[in-house]
Each structure stands twice: as C-alpha cells, then as structure tokens.
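*Asks:* Protein sequences, first through last, are from chains A and B.
Just so you know, the first sequence maps onto residues 30 to 189 in the numbering used here.
Just so you know, the second sequence maps onto residues 5 to 557 in the numbering used here.
Warning: the hint list may mix true and false statements.
Stated by the list, open to error - 27 angstroms max Cα-Cα, derived DSSO-like pairs, lysine-lysine: (1) B:Lys253 to B:Lys229; (2) B:Lys305 to B:Lys443; (3) B:Lys7 to A:Lys180; (4) A:Lys181 to B:Lys7; (5) B:Lys504 to B:Lys253; (6) B:Lys7 to A:Lys188; (7) B:Lys504 to B:Lys402; (8) B:Lys229 to A:Lys188; (9) A:Lys180 to B:Lys229; (10) B:Lys271 to B:Lys335; (11) A:Lys155 to B:Lys555; (12) B:Lys321 to A:Lys188; (13) B:Lys482 to A:Lys92; (14) B:Lys348 to B:Lys84; (15) B:Lys271 to B:Lys251; (16) B:Lys335 to B:Lys261; (17) B:Lys321 to B:Lys335; (18) B:Lys295 to A:Lys180; (19) B:Lys305 to A:Lys181; (20) B:Lys7 to B:Lys295; (21) B:Lys359 to B:Lys335; (22) A:Lys180 to B:Lys549; (23) B:Lys295 to A:Lys181; (24) B:Lys359 to B:Lys402; (25) A:Lys77 to A:Lys92; (26) B:Lys335 to B:Lys295; (27) B:Lys271 to A:Lys181; (28) B:Lys169 to B:Lys305; (29) A:Lys180 to B:Lys443; (30) B:Lys390 to B:Lys443; (31) A:Lys155 to B:Lys169.
Read the hints as simulated data drawn from the structure, not as lab findings.
Computed from a prediction, not measured in an experiment: that's the story for all the values here.
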Amino acid sequence: MQNLINQNAILNDEWHLLDSADEASSLVNAIVSGDFALNNAEAVMAAKCGILLTPDAQLEDYKALLSAVPLVAIEFPAFADGRGYSLARLLKERYQFEGEIRAIGDVLIDQLFFMKRCGFDTYALKDGLSAEKALNYFQTFQDPYQMAYDKKDPLFRRKA
Amino acid sequence: MYKYDNYDQRIVDERVAQFREQTERYLAGELTEEQFLPLRLQNGLYVQRYAPMLRVAVPYGLMSSDQVRKLAHIARTYDKGYAHISTRTNVQFNWPELARVPDILEELASVQMHAIQTSGNCIRNTTTDQYAGVVDGELVDPRPYCEIIRQWSTFHPEFAFLPRKFKIAVNSHEDDDRAATLLHDVGIKIVRNKAGELGYAVYVGGGLGRTPIVASLVKPFLPEKHLLTYLDAILRVYNLNGRRDNKYKARIKILVKAMGVEAFAAKVDEEWQHLVDGPGTLTDEEINRIKGHFTPPTYEKLESENAELIAHLAENKAFANWYGRNVVKHKQPGYAIVTLTLKKLGTPPGDLTDKQLDVAADLADQYSFGEIRSTHEQNLVLADVKLSDLFDVWQKAKANGFATPNLGLLTDMICCPGGDFCALANAKSIPVAEALQEKFDDLDYLHDLGEIDLNISGCMNACGHHHIGHIGILGVDKKGEEFYQVSLGGSSSTDASVGKILGPSFARVDMPNVIEKILAVYVESRIEGERFIDTYRRVGHTPFKERVYAKSN
Ligand code: SF4
C-alpha cells in the first residue's frame, strides 16, 4: 500500500495485506481477511494481525477479536458505498475498539472529512492521488452540525 | 422564518469554497467524471440534455422576499430569465454554465440559501404543509421541526452515501395532509399522546418511483426530544442494510418490505436503544431557540369579514372565481392565504420568469410580511394577506400571469420537466400538459368538474408524482416512440393511495380525448357533491376502462 496518510502526515506503511492463497506466510504485520480471522482467531490474536472488513461485515461476529487486534481496515469497494462510515462509528462508539481504523479501497480525497468524523484514523489513498494534497481536506467544515466520533456533542450543545 | 446565525452562515460559506475548489479540479482534469458526479449531485447540479441544471434548496418551501429577488437576479444573470418550482418545493435553473455555478452558490449564500443535498443519494430537502403556521386545525407549527431536521441532515458524515436518495416530510395537521407525508421514505406526523405530550408518529418506507407504496407506521409515539436519535437509528439501519446492487430496489421501502414492518421496527428500536438519551437528544433550549424563529407576524386586530371585499366579490365575477379557488381561510381573523398559481396556458407548470419572481417578492413585501412559499404542487403562496388587500393582490397577480383561478382543478397539474429537459426521460411531459390545458380551458367546465389532481411524469422516476394523481400520466418508451400510460385513483392526501393502471398506453395526440372520456364517465356517474376520486372509488375501475377502450364504430 502506498499513499498512506493520517490527518496530519504522510505515513510509512508497516502493514501488508495477506493474500488468502498463501496462508503459510508469516502473520507478522499482516492484514487478514475477515473470514480468515474468524477461522483462525487464536493465531490472529496472538500475532496481532489487522483485520480487513468488507462493508457487509457483521461486527457482532468479531467481538472477541476486536479486543485483541491493533488494526481494522474497512474496505470501500466504491467510494459511493457508504456502509463503511457506519461500521467505523460502530467500531469506535459501540464496540469500544481502541486500535487503528484504516480506510482502504476507493478512498478519494473528497470523502476524507466525513471519514475522519466517523472515526477513521488512517487512509490508504487510491493510486494516483497526491497524498500531500490530500492532507488539506480534513478541515472542510470547522463546526459541523452533528455529533459523530470526532465531536461528542451536536452543534446545539457545543454552542451552549 | 429561520435566520442563520454565524455557525449556519459559516457552514454554507465553507460549502461554497469547497465546491469552487472541486469544480476547479474537475475542470483541470484532476477529478474524473465519475468522481465529480456525486460531488456535484450533492450540490444539486445535474448534467441534463442541453446544459447543467442547478437545483437550489428551499427548505420546507419558505423564502423571504430578498431570497426571491436573488433568485430573479440569478435567473436573469446566469440563466435564460426563468426558473422552475419543483415538486420538492425547490427552485431549478435549467441553463447555468458549469464554471459559473460556484459564483451562483456564492450569490445564494449571501442571502442564506444553498443547493446542498438537493440531489444525490443523501438526505434531501424536508418538506411540509404549504399552509404551515397559518391554517386552522394544525396541532403545532411543523416548520421548526423541519429546520431541526435540516440542520441535522446537512453534511451528516455517516449518511452522505446512502443506497439511494432519502426524503423526509413532516405534517402537523389533524385531518389534512398537503405534504403527501405517507409517500416519503420517512413521514413524520406530529401528534400528542394521551397525557397531552407532544411527539411524533413515525412512518417509514413510503415512496413513488417504480414500486409506489404507502409508508408503514413503525413508531406510534416518539417523544419530542428524541427526534434526531430515532432518525439516526433509522438511517443507520438503512445505510447498513439497504440494497446497493440494484438502484430500483435500493430505497428504504424495499428494505422495510423485505424485512417486514415489525422486524424493521424492532431493528431500529434495538439500534435506538444505544442512542436514546445520549447527546443527540434535543434540549428544550434548542427546540425553543428554533421555535423562536417561527413566531407569528404582528397581525392587526381585524374583523373576520370585510365589507370592501364583499362588495368586490359581488361586483366582479372573475375576482369572485379567483377568490373561490385560489384563496384559503386563514386562522387569523381578517387574513387569508393566497396561492399564486403557475399553471397558465402556454407556460410549463411551475415555470416563472425573473420578472414574476420580482413581482412576487414585491407582493410579499407589500402584502404578506415579506415571506413567500413554494408548494409541491408547483405554485407560490402568500400566506398572510389582509382581506382588504385581496382585490389589489388579485389585480397585480393577474397582470403578471399568476392568477389563473384553477387551484386544485384539472389544469392545476403537477408535471415534471420531462423529455424537453431531463436526460432520463422516456417521453416529453410538458407538451401533454399544454395539450390538456388547451383542451380544457373553459373555466366553467373546470369549476364544475371540481377538484382533480392530474399528475404527469416523463419516466418511472415519478418526479411528477403520477402514481398519486387522481389521474396519473406516465411517459413510456415503446420501441423508441413516446407513449403514455394512464392510471386512476391515486391520492396524496390522508387517504393516500396508489393509482391503478387503466390499460395499454396511448399516443400523445390521443391524450386529450382519453382524458375527456374519463371525465365524461365521472360527470355521468357522480352523485351530488362527489369529487372525481370519490366517484372513482365508488364505481370502480371498470366503467372508465370500458369507455376509454371501447371500439369506435
Ligand atoms: S420523472 Fe423522469 S423524466 Fe420526469 S424529471 Fe423525473 S427523471 Fe426526468
């Protein structure tokens, strides 16, 4: 993965996606598929793998894993598929996931602000986008109306 | 009406800057067509047959005279001198130049307007009763709740990429529903429970389009302060579970049907349990702050009858016709609600010129506390006119082409832009409306027919609400030719129903005669005082079908 950023800087990517075909390879710093994680829960927890969730993931299935893994990557198969926003919020706000949430897939710069609001920490930008430019897109709105992961209160409470 | 504070203004200003930059990137080739598409859509910008179309939001149909003057200015400066009122009470411009849209948005922001989320798969403009706050029989003014929803839905970070568009309507009237509430993704009816507390009955899964359906009740009573957390729960369930593989099956109505109403309601409740009483709960201060923007204007103390008006009505038949049709009772003695109809022969329904916009703004300033409303029936409303001013208003409205006394009558049609403008159309709709207006231009006949909703859409997307017209007309494509399918028996009112298709479709030239036959069956079958829809419901489909498809000999 190239083009990895958080909201402040360009990052080096320590992780690699594990191709499910070569299960024998090392689990160190590997992001494994959701199915692989469910089937090999102990190994995945012991090796502190990351888990890749597709947008149809049922978070309840991963409850036990979530307390032990340091990273969950949420896939955006297309930027217009908005399920990942709800998944990220649920992970952080309901499942108290404390690790890193990473957006991968069709991750474009005009959605970064909303992703940040929903609890994403890092963003593997789609190939061809400028990571440097992308850093400017986290502050589009200074005081948005809603509460979300980044603001615990809606504007009407923040104003008061 | 609601006036922006610094926070509201900054959000709209930030949006203008954001869209300006996005447009620049698109024009510079840094954004692909496909990537720019949802960005421009969420800003109300379509690319239509001939040019982009910009849809400006008119939250719950309420505008100040300054805003209307700004729209006139935009129509003049950036467009071809006219604008169009849509069935979501928004205002559309058909000919803006893409590169100048950011400038238009900046002009709009200067009068607290925007084009945010007027299109795209996100939460759209919330609509309500066009007579909100001024009509008898209302529980409370629904507009503060619409404004609360507007703010919550504006750039909601979690729900910007839903499976499909999402529309909410609010109704607060005890026995009328002018907002077609039950035909929305979420319909909110403001109610009181037995203890007298204010709250909402929440209906989910109504809608038009390919699978027209009336919404189901999922929450009989939701207390007032829980509005937003409950909406969050509905939207989250939909966002995660709505279908994304087929755009015709992606609306929430399909999800509600697939799950079953009870299972859907239970799932929403389960989600809501995590949110209820959390920070998203409305505070009394916030509800009161918003309500404070919708206090009644300073009405004069007047008699409920006005001698001057009575004299004019007796003397002038044309005025009396207009008064009987286009003027509605106001709850404040001595005042009336006036509809400025945009359904004049020769003009596409809902279209008006920059000059008419200016005149409407002037009328509002002079006679109606500086406010104007747009309606989903594509008309304008002056909500607070003194009875003693009605004659003046009529004369001025008449001189400017919006006093056709046909409110609610056959020729007060709803009609989408259709094949003349819309890239999705199967057929043109405006020429059908024109042919019908021309055929049925005898006002006495129209008044005798009484209330009939005739709605026309140019394709299955149903922007012209054809399913819920008493008479509905839908443009279809038959081997590359334009045909029209007729349905009967739809209604958008409290007795909401979806029309039933009459039979095989017709060529455009035959449409006036087909409608004439349908009307003839009604006139022959009706009993004293029965509206078209009542007669249809009593006598059923068959007599209409038989007459229309009878072999001519
Ligand atoms: S109903 Fe169809 S033709 Fe008419 S405006 Fe909507 S999409 Fe266009």
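*Asks:* Next, verify each hint and record whether it holds.
*Replies:* Hint check results:
About 32 angstroms separates the Cα atoms of Lys253 of chain B and Lys229 of chain B, which puts this hinted pair outside 27 angstroms; it is violated. With a C-alpha separation of about 45 angstroms, the suggested pairing of Lys305 of chain B with Lys443 of chain B is violated against the 27 angstroms cut-off. About 25 angstroms separates the Cα atoms of Lys7 of chain B and Lys180 of chain A, which keeps this hinted pair within 27 angstroms; it holds. Taken as a hint, the Lys181 of chain A and Lys7 of chain B pair is honoured in the structure, with Cα atoms around 26 angstroms apart against an allowance of 27 angstroms.
Between Lys504 of chain B and Lys253 of chain B, the direct Cα distance comes to roughly 21 angstroms. Compliance with the 27 angstroms bound is thereby established for this hinted pair. Between Lys7 of chain B and Lys188 of chain A the CA atoms are separated by roughly 16 angstroms; this keeps the pair inside 27 angstroms, and the hint holds. For the hint linking Lys504 of chain B to Lys402 of chain B, the alpha-carbon distance of about 37 angstroms lies beyond 27 angstroms, and the restraint is violated. Among the hinted pairs, Lys229 of chain B with Lys188 of chain A is consistent with the structure: their alpha-carbon atoms are about 18 angstroms apart, no more than 27 angstroms.
In summary, the hint linking Lys180 of chain A to Lys229 of chain B is supported, as the alpha carbons are separated by about 20 angstroms, within the 27 angstroms threshold. Proposed proximity of Lys271 of chain B and Lys335 of chain B is contradicted: the alpha carbons are some 41 angstroms apart, above 27 angstroms. With a C-alpha separation of about 64 angstroms, the suggested pair Lys155 of chain A and Lys555 of chain B falls outside the 27 angstroms cut-off, and the hint is violated. A threshold of 27 angstroms between alpha carbons decides the hint, and for Lys321 of chain B with Lys188 of chain A the separation of about 56 angstroms lies outside it, so the pair is violated.
The hinted pair formed by Lys482 of chain B and Lys92 of chain A fails the criterion: a straight-line CA distance of about 54 angstroms is larger than 27 angstroms. A C-alpha spacing of about 19 angstroms is found between Lys348 of chain B and Lys84 of chain B, which places the hinted pair at or below 27 angstroms, so the restraint holds. Restraint check for Lys271 of chain B and Lys251 of chain B: satisfied, since their Cα atoms lie roughly 23 angstroms apart, inside the 27 angstroms limit. This hinted pair does not check out: Lys335 of chain B and Lys261 of chain B have alpha carbons roughly 40 angstroms apart, beyond 27 angstroms.
Note on Lys321 of chain B and Lys335 of chain B: the hinted pairing holds, with a Cα-Cα distance of about 26 angstroms set against a maximum of 27 angstroms. Straight-line distance between C-alpha atoms of Lys295 of chain B and Lys180 of chain A comes to about 25 angstroms, which keeps the hinted pair within the 27 angstroms bound. Between the alpha carbons of Lys305 of chain B and Lys181 of chain A the distance comes to roughly 48 angstroms, so the proposed pair goes past 27 angstroms and is violated. For the hint pairing Lys7 of chain B with Lys295 of chain B, the CA-to-CA distance comes to about 11 angstroms; that is within 27 angstroms, so the pair holds.
Pair hint Lys359 of chain B plus Lys335 of chain B does not hold up; C-alpha atoms about 31 angstroms apart against a cutoff of 27 angstroms. Note on Lys180 of chain A and Lys549 of chain B: the hinted pairing is violated, with a Cα-Cα distance of about 60 angstroms set against a maximum of 27 angstroms. For the given pair, Lys295 of chain B sits about 25 angstroms from Lys181 of chain A by alpha-carbon distance, which is consistent with the 27 angstroms threshold. Only pairs whose Cα atoms come within 27 angstroms are accepted, and Lys359 of chain B paired with Lys402 of chain B is accepted, the gap being roughly 14 angstroms.
In summary, the hint linking Lys77 of chain A to Lys92 of chain A is supported, as the alpha carbons are separated by about 15 angstroms, within the 27 angstroms threshold. Of the supplied pair hints, the one linking Lys335 of chain B and Lys295 of chain B holds, its CA atoms being roughly 19 angstroms apart against a limit of 27 angstroms. Between Lys271 of chain B and Lys181 of chain A, the direct Cα distance comes to roughly 24 angstroms. Compliance with the 27 angstroms bound is thereby established for this hinted pair. Proposed proximity of Lys169 of chain B and Lys305 of chain B is contradicted: the alpha carbons are some 45 angstroms apart, above 27 angstroms.
Distance hint between Lys180 of chain A and Lys443 of chain B is unfulfilled; the C-alpha atoms sit about 60 angstroms from each other, more than 27 angstroms. Taken as a hint, the Lys390 of chain B and Lys443 of chain B pair is broken in the structure, with Cα atoms around 35 angstroms apart against an allowance of 27 angstroms. As the CA atoms of Lys155 of chain A and Lys169 of chain B are separated by approximately 26 angstroms, the hinted pair is consistent with the 27 angstroms bound.
This entry does not satisfy hints 1, 2, 7, 10, 11, 12, 13, 16, 19, 21, 22, 28, 29 and 30, going by the numbered hints stated previously.
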